[in-house]
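Participant: Residue numbers (the numbering used here), protein chains in the order written: chain A, 1 to 512; chain B, 513 to 816.
Honestly, I wouldn't trust all of these hints.
Where chain B lies over chain A, by a calculated footprint (3+ residues, C-beta under 8 Å) [unchecked claim]:
{"#": "1", "region": "278 to 289"}
{"#": "2", "region": "302 to 316"}
Here are the simulated lysine to any residue pairs, SDA-like style, with alpha carbons at most 25 Å apart [what the hints assert, rightly or not]:
{"#": "3", "chain 1": "A", "residue 1": "382", "chain 2": "A", "residue 2": "363"}
{"#": "4", "chain 1": "B", "residue 1": "546", "chain 2": "B", "residue 2": "519"}
{"#": "5", "chain 1": "A", "residue 1": "460", "chain 2": "B", "residue 2": "643"}
{"#": "6", "chain 1": "B", "residue 1": "709", "chain 2": "A", "residue 2": "134"}
{"#": "7", "chain 1": "A", "residue 1": "460", "chain 2": "B", "residue 2": "519"}
{"#": "8", "chain 1": "B", "residue 1": "709", "chain 2": "A", "residue 2": "333"}
Quick caveat, the hints were computed from the structure, so don't treat them as lab data.
Here a beta-carbon is modelled for each residue, glycine too, at the ideal position from N, C-alpha and C.
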Amino acid sequence: MDTLNLLFDGLGAAFTPENLMYAAIGVLIGTFVGVLPGIGPAMALALLLPITYGLEVTQSLIMFAGIYYGGMYGGSTTSILLNTPGESASVMTAIEGNKMAKKGRAAQALATAAIGSFVAGTIGTLLVAFFAPTIAEQAVKIGAPSFFAIMLLSLVLVSAVLGASRLRGFIGLFIGLTIGLVGLDLSTGQARLTGGITQLVDGVDIVVVAVGLFAIGESLWIAAHLRRNPVEVVPVGRPFMGREDWARSWKPWLRGTAIGFPFGALPAGGAETPTFLSYITEKKLAKNGDEFGHGAIEGVAGPEAANNASAAGMFVPLLALGIPVTATASILLAAMTTYGIVPGPTLMTDQPDLIWTLLASLLIGNALLLVINLPLAPLWAKLLQIPRPQLYAGILFFASLGAYAVDQNPFDIALLLVFGAVGFAVRRFGIPILPLILGVIIGPLMEVKMREALDISNGKISGLFNEGLAIGIYVIIVLAIVVPIVIDRVRGDRPLVADAQDGTNEKEEVSR
Amino acid sequence: MTRGDDSRDILMIIPNAAGGGYDQTGREAVKIMKDGDVTGGDFTVDNIEGAGGTNAFTEMLGDAGDEHTMITVGLGVVGSLYSFGNEGRLTDATPLAQLISEPEGVIVPGDSPYQTIDDFVEAWAADPGELAVGGGSSPGGPDHLFPMQLADTVGIDPNDVNYVSYDGGGPLTSALLGSKIAAGFSGLAEFEKQIEKGELRVLAVSGEERQPQPALTDVPTLTESDIDLVFLNWRGVLAPPDIGDERREELIGYLEEMHDSEEWAAALAQYGWTDDFKTGDDFVTFLEEQDARVSGTLEDLGLL
């Protein structure tokens, strides 16, 4: 009950008209900056942090929380409308969200993203408020072997739900894993697959790959078919979520939160793996799984909630251990230090006023984001009414700008075009993009964890199996592979039917 | 945003991400020079990330003759130039001044069986391969060079050391708190809270003298424990090549004025940095020594 009182005190301190104004300004600026592709929440915060200086602590924390959530939401907006994810955690949002937008359901996609973010962010922040020290204590015990197992699980699950064609799915996955190998070997410093190009030594930036595959690849594809296919006008659609949208969204929001939060709370958990896991879960659980890949609202609601819950969970190691686990967290840490908040094990007891104000500010920023952005969703959605040549010219411009913005390196533009060509090729040959982008993102993370586990055990393979959690996950992986095979055997002729259906889907995919 | 004369503006390049060690040192120096209006112009700070500082350094070398650019560098950049196969050396630029040095520490989990550095070294020497140690930098970086040089000093073949590289202080802290590795080698600023609380312990510091921070005054130096090694990470400032002696002296003058300020003294105390200010030829000699030492260690390890 003490905790609850402290939180109410924090809310009381934060809840004045003047403070709400700062929160509103923060949310608006954060959203507008976050909308620029290539500028994710981390960069939005870094760019906008200086404007919070000079305010008193409570006000600057509130504005800061607004910028943070605004920047996160701005990233989803570009993913949905323009198919240009600004950071790796919004990649999954682009996959279903952009398909929804093309069917005239952009407003619903934006709304489910906004409300899902709100639900996940609020639950996540409350969990941080009540359990941060306890969770942090347990979280550090989870080590590299378990992370490796979890990532392997997400690869296996994606392969298991690859859909149309297993072979094409695996081709996509391995192309992705190969792209992820580019760069310097972690422990020997050898350059891998760089072809002698020094700019590739640091590996390929995920934003460049994702924007190239999604936005550029799609623009090329559309351009190649512009004359052959009749112009598809994006239908106007309803402005807000209907009853069915709500019915289909609320469970994914909660499941996404449940998947995202623990990952954020684990040091080195990150936001990418949970968005993938949430997507896979929703696809598995959906009654009409076929809609996935063609704009299923669950595929936006779940990953967006997972992304935001993980962003809230990130405060657990940050506040309780003083460990920043993501780029965004490092900037938050730097900012908090300027406000006199010194994160660490004793933070909650040493500086309760500031911490509760911060947590209350996060709740307020989150709520205000919803209030401001929900009415704007139909307006944003109108953007897609722009005629296709102009729209895709605009997308190409923003995509290039975004790729350049990451490192201000002209080489990235060239790389963007290369991945645009790859994006075109995979569309031409019907190779699914999901396993491809999963390989690019998860591959390098898996490698780091595998190396760490094997380094610690001095190369002994047993180093991958020395944590209970890891073994448990391997059991799940084996079950995930074996059980469907057994069921197929028992049911006899079922697989043939499924295969035939898959075959037709595949053709549709290719001809599209 | 400019105040005063445009021709007095200076760009400070930081060779890694915002929030890192170079960033803290470089930005602190810039802030003091800006607030004190030392140069009469404005400052811009630009973080150029990548390849352990090699990208930023190469870019700066390309700006030969540019009298309005400086770069913050340090021991990590020396190692990166080698491990990334770059031909450039810090002395190819115009060395201005070393600003600080920072000892590292040998950190163990609070419940570690090792109470002293001797306990740890004994166990380490018995089976270096089984005892995983870690640091927050990749091979060639300070946290990698320190355990290698320590191993060499106590008679362990550095090639047998099982070094696990973590992506900075955060992941290293989690690994130590979770007892995933036996010991960590790192600068101590990021670990102070955990050390105060007893969740982590420091067995030894690598400076010539003990550290002044309250939580660290009881920690012996390596030399006190009869291990003949002083290991200092350091950071300093360079300018592009060919800027002319006059401008070089002028820039050194700015840094000297900055160094003599009360604000700098406060920054040193806040970050636990050791005041280790060298300019001009002293700094050049120091850079040459560092270069030889780093390349020697990496060569012994077969990493060159």
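Participant: Hint by hint, note whether the structure agrees.
Facilitator: Hint by hint, here is what the structure shows:
Residue count for the region 278 to 289 of chain A with a Cβ under 8 Å from a Cβ of chain B: 0. That is fewer than the three needed, and the coverage hint is violated. For the region 302 to 316 of chain A, the stated coverage by chain B is violated: 0 residues have a C-beta nearer than 8 Å to a C-beta of that chain, whereas at least 3 were required. For the proposed pair residue 382 (chain A) and residue 363 (chain A), the alpha carbon gap of about 30 Å is over 25 Å, so the pair is violated. Of the pairs offered as hints, the one joining residue 546 (chain B) and residue 519 (chain B) holds, with about 15 Å between alpha carbons and a cut-off of 25 Å not exceeded.
A C-alpha spacing of about 13 Å is found between residue 460 (chain A) and residue 643 (chain B), which places the hinted pair at or below 25 Å, so the restraint holds. Only pairs whose Cα atoms come within 25 Å are accepted, and residue 709 (chain B) paired with residue 134 (chain A) is accepted, the gap being roughly 16 Å. Between residue 460 (chain A) and residue 519 (chain B) the alpha-carbon distance is near 60 Å, which puts this suggested pair outside the 25 Å criterion. Restraint check for residue 709 (chain B) and residue 333 (chain A): satisfied, since their Cα atoms lie roughly 20 Å apart, inside the 25 Å limit.
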